[in-house]
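Peer 1: In case you want the letters, here they are:
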Amino acid sequence: MRGNRTGAWIKVLWSGSSLLAMDVTGQAAKKEVSKIVNDEVSSIEIKVLLFARARELTGVPDLKLKMPSGSTTKKCMDELVIKYPKLEEVRSCVVLALNEEYTTDSAIVKHRDELAIIPPISGG
Amino acid sequence: MSSEENNLIEILEEGHKVDIAKYIDYVTAPQAGAIATFSGTTRDTFEGKTVMELRYEAYVPMATRYLSSICASARSNWDIHKIAVAHRLGPVLVGETSVFVAVSSVHRGDGLDACKFLIDELKASVPIWKKEVYANGEVWKENAEFLEKRLELAETRGSLVKKHVAGEHKRSCCGSKVRVQEDEDHTDIAGDNKE
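Going line by line, the protein sequences match chains P and Z. Taking numbering that gives the first Met the number 0, the leading residue of the first sequence gets 0, the next gets one more, and so forth. Taking numbering that gives the first Met the number 0, the leading residue of the second sequence gets 0, the next gets one more, and so forth.
Same shape as in the complex, but just chain Z (with noise of 0.2 angstroms):
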């Protein structure tokens, strides 16, 4: 847990749930007009097939620190007061939440913007992994947003940048294994993700 300026991060050990009102309380304020939530729940089913959990590991130091580094550009980008963020470890059964974010400002703009913002930015660059249970099988994801900020996070690197973007937009990587968009997977409470 790390808590500077106004921020709160918790990687929630294997067990124990997201408590929503808790973070809700903690970025509740006088002056914060708004408060803007995301919260990622595990969905029943993925391209037909019955999703029985999820199961999630982390990097934890570095996770930690990226998102702290995630909250400064949240602040640099949006006047904002407060924000928490939770990741839960281990299984995470359908309908459970697993990741929740919320953010409050004096106006709903900056909070709902900046949310969107961390959410998007934790999918793409904070060392967590899934992996989706299935009745029969299982498979390790790979979100869609990481695969495309990989350029970039290894901006410097030689001939695996360029293998990369002289291809054409991978959807997946080590093609043998089943891999798909991690968007979908999450029912978004605050809004569809498909708008």
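Isolated chain P, as found in the complex (with noise of 0.2 angstroms):
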């Protein structure tokens, strides 16, 4: 009996340090996983439209562009044009459209934007 009570004492003591060191590993398992997290929201996925001469110049009418979250769309032209320096030819000409809607410089594109590249229009 008093075996058993020991037993059970060491059981305790075991599941205790198996307790602590689960806890220290929680710990660290707890930051890997709030670490990758905080990497995944601080990057965001935007969806870009190239019309006209932009697209020729790209030779895709669409692409996905991964930038740190809180960019500027300025910023996401910006990394347009080091993916495609081709671009560069109607940079200071394009203006930018997010959601459908005409935009500024300074905007900020949140993940799953439509950001589009809009050459001088000719409609009519």
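Any given hint could turn out to be false.
Stated by the list, open to error - Simulated crosslink set (DSS-like; lysine-lysine; CA at most 25 angstroms straight-line):
(1) Z:K148 <-> P:K74
(2) Z:K115 <-> P:K85
(3) P:K82 <-> P:K109
Since the hints were made in silico from the structure, they are not lab data. As the structure is a prediction and not an experimental result, all values here were calculated from the model.
Take the two lone chains and join them into the complex the hints point to.
Peer 2: Following this line, the structure appears as structure tokens:
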């Protein structure tokens, strides 16, 4: 009986230290998870649409662009010109539209926004 | 196609021609004493070059949205009944209609003024582009109306706006390429552009 009780205590102690170990590991694991979550949140993805001359210069009508969270439309454009240097030709001519509305250089893009690169229009 | 409050807005897929009668029919109403229309057609020459065709593309959802908004503006400025606006995509041959606007109103003054406003605003802000195709080349056109309006569209933008405001009124952008004023390209059926 005594043995059993000792055994029980040992079990408790053992599981106690396991718990302790787990707890330390748990904390580390939590930190790891939260770091991953933060990394995902700090980067967003937008859809970019290219029209007319801009599309001809890049060769694609649309693409996905990953940007740091809080980026401006101007920064997105900068990134596009880095990826597609030929876009420099129209850089100063284009206006931008965010989610189907004309926008400014300083507008902040959000995850899953749609950014359109709009060269001078010629409808009608 | 979007139809709200008596507006018919259609961006026609490649190969679909403008059915003018359909749009005139749409705006016709017993209470309207006037129907004003504008038709933009592909002209055969530009600055001595023979034009073979115009090719159109559009950011369709945004174009539809802006056309609706322009119709709303027209309604707030003039007493009009119904509006129909149609724009083709794809190739539009010489002589064919690429854009059509029809407005009905009780009295002709409102209709004619609203009609002019609608095509002017379309050329200034609706995201549609055309490429002019010649026998030996092609060029993307740029509407002067847009280049002027861009200052408004980008009102709160910083340095880019200042650059354009400070300089002389630019007739074209992206300097190295041939660009010209848009207005002369079309024969107005409603009246001479140059008047």
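Peer 1: Taking the hints in turn, state whether each one holds.
Peer 2: Outcome of the hint check:
1. Proximity of Z:K148 to P:K74 is assessed by CA-CA distance (about 24 angstroms); at most 25 angstroms being required, the pair is judged to hold.
2. At most 25 angstroms may separate the alpha-carbon atoms for a hinted pair to count; Z:K115 and P:K85 exceed this at roughly 38 angstroms.
3. Restraint check for P:K82 and P:K109: the C-alpha separation of about 20 angstroms stays at or below 25 angstroms, so the hint holds.
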